[in-house]
Amino acid sequence: MQKRLKSRLGGFFFVLPSIIAVAIFVYGMIAYTLRISLSNRTSAYITNLGWAGIKNYTGLFHDTDFMHSFGNLLKFTIVFILGALLTGLIMSLLLEKGIKGEGLFRSFYLYPLAISFIAMGTVWRWLMSPNKDKEASGFNLILKTVHLDFLQNDWFTSSTGSMYAMALPAVWQVSGYVMALFLAGFRGIPDEMREAARVDGATEFQIYRQILFPQLSPTFLTVLIILGHISMKVFDLIVGISGKSYVTKVLSVYMWQVTFDATNFAKGSAIAIFLLLLIAIVVIPYLRYVNKSEEMK
Amino acid sequence: MSSSIADRVITSKDISRNRRKLGFKGTAWLIARYIGLIFLFGFAVLPIYVMVINSFKGITGVNQMNAFNIPTKLNFEAWPAAWAVLQVPMLRTLVFVLQSSIISAILGSINGYVIAKWRFKGSKLVFTLFLFGMFIPYQAIMIPLVQFNNRMGLGGSIYTLVLAHVVYGIPICTLIFRNYYAAIPDEIIEAARVDGASMVYIYRTIILPLSIPCFVVVLIWQFTSAWNDFLFAIFLTGGAPNLAVATTALNFLTGSGNQIYYGTNMTASLIVSIPTLLVYMFLGRYFLRGLLSGSLKG
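For the record, the sequence lines run as chains A and B. Each step along the first sequence adds one to the number in my numbering, with nothing skipped, and position 110 is 110. Each step along the second sequence adds one to the number in my numbering, with nothing skipped, and position 255 is 255.
By construction, these hints were calculated from the structure, which means they are not laboratory data. Just so you know, not all the hints are guaranteed correct.
Below, a list of computed lysine to aspartate or glutamate pairs in the EDC-like style, where the Cα atoms sit at most 16 Å apart [what the hints assert, rightly or not]:
id, chain 1, residue 1, chain 2, residue 2
1, B, K117, B, D186
2, B, K25, A, E204
3, A, K134, A, D154
4, B, K13, A, E102
5, B, K13, A, E192
6, B, K117, B, E187
7, B, K13, A, E195
Derived contacts from chain A toward chain B, CB cut-off under 10 Å, selection only [unchecked claim]:
id, residue
8, G101
9, L113
10, F117
11, I142
12, I284
Where chain B lies over chain A, by a calculated footprint (3+ residues, C-beta under 8 Å) [as the list claims (entries may be wrong)]:
id, region
13, 128-140
14, 175-185
Beta carbons: idealized from backbone N, C-alpha and C, even for Gly.
Given these sequences and hints, build the entire structure.
What follows is the structure in structure tokens.
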């Protein structure tokens with residue numbers, strides 16, 4: 001018994017370095033960022049923290065650049081989540097029963113996840129070039145070639161549709177991931193369930209709607225959480241394609257600008273904490289749900 | 001567990017069964033499926049296709065209007081030009097990424113082993129607190145981290161990046177190893193313990209030899225994410241040229257102002273992507289496992 005206790009304590013000591021590291025670098029530093037966000041460090045020359053209360057936060061909501069970035073992020077998130085969810089779901093639906101060449105399709109749907117968006121930015125900037133008609137390139141050239149000239153548009157440089165265009169490369173990158181999650185879901189459902197429904201005379205459509213999709217609801221939830229937090233954090237995708245350009249600015253890019261270029265650490269911290277809260281609202285309930293469902297097992 | 005969920009994805013269903021009763025309707029569906037698959041294939045491949053073909057058109061032989069056309073004759077001049085800029089940053093990246101991935105994997109393995117098999121009081125809370133660290137936006141720790149590095153004298157050295165990737169890699173590495181070890185039956189450990197084996201001894205003789213596939217998963221995961229990372233790199237090196245890594249050097253090269261050298265830009269982007277693409281091509285199965293572990297539910 002004593003030996004058992006000793007080894008349990010020993011276990012704790014082996015994890016201790018990581019616990020300390022996470023305590024300092026994750027939670028400690030979040031706390032310090034929170035502190036800076038409540039301080040007067042609005043330029044690199046001010047080294048005293050001081051106490052500014054929530055002034056830096058209330059300031060954000062009167063800051064048109066911040067509201068613009070936040071609005072952009074919301075637009076992006078909606079289109080990105082819907083787009084990636086649909087594309088990934090379609091990919092998995094086309095593959096889940098097994099088809100000749102499945103391995104090849106799967107590999108090519110997944111490879112975008114291995115590449116950095118700083119690298120893909122160059123290509124996407126081209127594909128989504130705003131040049132039209134005689135000078136058309138990228139998607140506009142494709143549209144012109146198939147005689148859909150009227151669909152040519154400004155893509156990510158458009159003042160109204162920039163964020164919807166920006167969702168396209170993001171969908172391109174993660175839909176393979178969504179596909180993999182759904183494939184795992186589909187293939188975890190025993191074949192007997194379909195067979196039984198088929199014997200009972202259910203159509204294929206009914207089998208999906210009434211038997212398979214309800215089984216996949218945990219997968220849907222996981223996909224939504226993953227996509228949601230990827231979307232909130234989007235950074236190098238935007239920087240890789242359009243740099244700090246105003247029309248595509250989101251919170252992470254604005255935070256970078258405020259912190260780096262303007263050295264306004266207090267405001268940069270306030271934006272960062274705001275972003276953290278946005279994510280925490282979604283992730284914390286999810287972690288609790290995962291914990292609970294693991295206990296059930 | 002993460003391995004079994006990934007195996008589910010890669011084990012295709014037995015399709016020989018489907019083939020025998022393929023009527024007219026079945027054939028029509030099959031063709032429709034292939035049309036869908038090929039269309040999505042085109043969407044997935046288009047960007048890399050454009051990247052590859054334009055890297056063989058020379059430094060100035062590229063313009064936006066001919067971007068989709070296959071080169072009329074192969075011109076390799078953009079390759080040495082891009083390589084000259086990237087050589088040093090890429091080597092630097094390789095060295096730091098290898099260090100950070102190995103350290104992360106070791107920490108992850110130890111944490112995962114203890115959390116899965118030697119639960120201590122509060123280990124569940126510790127694990128949940130680790131997991132939350134996986135989701136945080138790194139902007140929320142970036143300013144203190146830069147200050148910490150400067151105070152510790154790490155600023156201006158590549159070890160700032162090693163530290164960042166090790167520390168912020170702890171959650172995901174612990175998660176992947178914990179899920180892997182959870183699938184090893186407790187009875188094995190119990191039996192060894194009855195024979196008087198200590199925790200460390202069991203780890204060395206039983207767990208570690210079983211962990212090789214999981215180490216591959218974690219190493220690949222950490223390698224890919226550190227190689228592709230831009231956020232930590234730009235904040236922690238401040239864009240200093242003597243600390244440029246692959247992504248920051250590339251961003252500097254292809255960023256606004258330099259966008260006329262299409263040939264070099266495309267080639268440079270391709271060169272930076274090659275290491276991770278090679279890993280994906282040869283170890284894709286392990287890459288997928290890492291990816292699915294991030295989804296928490298095994």
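Now for the hints, and whether the structure bears them out:
1. Restraint check: the Cα-Cα separation between K117 of chain B and D186 of chain B comes to about 7 Å, which is no more than 16 Å; the hinted pair holds.
2. Restraint check for K25 of chain B and E204 of chain A: satisfied, since their Cα atoms lie roughly 12 Å apart, inside the 16 Å limit.
3. Restraint check for K134 of chain A and D154 of chain A: the C-alpha separation of about 15 Å stays at or below 16 Å, so the hint holds.
4. Distance restraint check for K13 of chain B and E102 of chain A: the Cα-Cα separation of roughly 10 Å lies within the 16 Å cut-off, and the hinted pair is therefore satisfied.
5. Restraint check for K13 of chain B and E192 of chain A: satisfied, since their Cα atoms lie roughly 13 Å apart, inside the 16 Å limit.
6. For the hint linking K117 of chain B to E187 of chain B, the alpha-carbon distance of about 11 Å falls within 16 Å, and the restraint holds.
7. At most 16 Å may separate the alpha-carbon atoms for a hinted pair to count; K13 of chain B and E195 of chain A meet this at roughly 14 Å.
8. Interface restraint check for G101 of chain A: the shortest CB-CB distance to chain B comes to about 8 Å, inside 10 Å, so the restraint holds.
9. Satisfaction of the interface hint for L113 of chain A is found here, the shortest Cβ-Cβ separation to chain B being roughly 7 Å, below the 10 Å cut-off.
10. This hint holds: F117 of chain A has a C-beta 8 Å from the nearest C-beta of chain B, less than the 10 Å allowed.
11. With 10 Å as the threshold, the beta carbon of I142 of chain A comes within range of chain B, its nearest partner Cβ sitting at about 8 Å, so the hint holds.
12. Satisfaction of the interface hint for I284 of chain A is found here, the shortest Cβ-Cβ separation to chain B being roughly 7 Å, below the 10 Å cut-off.
13. Only residues whose beta carbon comes within less than 8 Å of a beta carbon in chain B count, and the region 128-140 of chain A has 6; three or more means the coverage holds.
14. Against chain B, the region 175-185 of chain A contributes 6 residues with a C-beta closer than 8 Å to a partner C-beta. That satisfies the three-residue criterion, and the hint holds.
Against the hints set out earlier in the document, no violation occurs for any number.
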